[in-house]
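Enquirer: Sequence:
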Amino acid sequence: MSTSHDDNKPGADGADESADTVVDTADTTGGAAAKVEDASEIFLRGTPVPPSSALGGVFSAETFAVAGLLLLAPVVVDSRLFELFGWFVLSGATAVPAGYAPAGGADVAVAGGLSALAVLAGAVSLFRSGAHTRASARWVSAATVLVGALFLLIAVVTYAWLPAQGAELGWFGYQPYSGG
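Counting from 1, position 114 in the sequence shown corresponds to residue 113 in numbering that gives the first Met the number 0; the numbering is continuous, with no gaps.
Among the clues, some could well be false.
Claimed, not checked - Here are the simulated distance ranges between beta carbons:
#, residue 1, residue 2, range
1, 156, 40, 53 to 59 Å
2, 45, 156, 14 to 20 Å
3, 69, 108, 15 to 21 Å
4, 58, 138, 18 to 24 Å
5, 108, 57, 26 to 32 Å
6, 44, 156, 50 to 56 Å
7, 85, 109, 14 to 20 Å
8, 56, 76, 24 to 30 Å
9, 131, 90, 17 to 23 Å
10, 152, 126, 18 to 24 Å
Honestly, the hints are just simulated from the structure, not real lab data. We put the beta carbon where it would ideally sit given N, CA and C, even for glycine.
Take the sequences, apply the hints, and build the full model.
Expert: Structure follows, in structure tokens:
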């Protein structure tokens with residue numbers, strides 16, 4: 000088989016080669032002949048897969064992939080979750096400055112909620128994807144699910160370790176020795 004463009008043109012030798020791939024099948028109900036092409040020949044010619052008409056547009060896999068990415072973007076860009084995670088979980092801080100805990104709890108809750116919504120949108124995008132879905136949409140949705148799950152885990156752990164406002168607790172929630 001030659002890979003030259005001239006050799007691969009149908010009808011270059013005077014005969015139409017594409018006619019060999021068409022098979023006549025008789026319809027059992029009406030007796031009419033229908034022309035069906037061989038799927039392997041369609042693949043070899045590079046004919047694109049026709050787009051799916053079921054729930055396209057707003058509810059397509061590409062839309063959910065972009066929505067998940069947009070939901071995850073503020074969580075990734077904001078460094079407050081990492082700051083609180085490092086402060087309370089990694090370093091084991093036991094006291095919270097006045098006015099810091101309620102805002103910290105809200106920040107962690109919002110980051111966790113946005114991460115959960117991003118994971119949900121990415122998962123829906125992966126379930127909606129098929130042969131007609133662009134590869135970039137599948138990559139974006141898979142990355143959104145993985146990174147969003149990581150941020151969701153960080154948010155849950157940080158929220159669990161976040162002490163109440165004004166509390167001076169030691170490790171594992173006991174009161175430290177006051178000396179008196």
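Enquirer: Each hint should be assessed against the structure and marked as holding or not.
Expert: Results of checking the hints against the structure:
{"no.": "1", "hint": "156 x 40: 53 to 59 Å", "result": "holds, 56 Å"}
{"no.": "2", "hint": "45 x 156: 14 to 20 Å", "result": "violated, 50 Å"}
{"no.": "3", "hint": "69 x 108: 15 to 21 Å", "result": "holds, 19 Å"}
{"no.": "4", "hint": "58 x 138: 18 to 24 Å", "result": "holds, 20 Å"}
{"no.": "5", "hint": "108 x 57: 26 to 32 Å", "result": "holds, 29 Å"}
{"no.": "6", "hint": "44 x 156: 50 to 56 Å", "result": "holds, 54 Å"}
{"no.": "7", "hint": "85 x 109: 14 to 20 Å", "result": "holds, 18 Å"}
{"no.": "8", "hint": "56 x 76: 24 to 30 Å", "result": "holds, 29 Å"}
{"no.": "9", "hint": "131 x 90: 17 to 23 Å", "result": "violated, 49 Å"}
{"no.": "10", "hint": "152 x 126: 18 to 24 Å", "result": "holds, 22 Å"}
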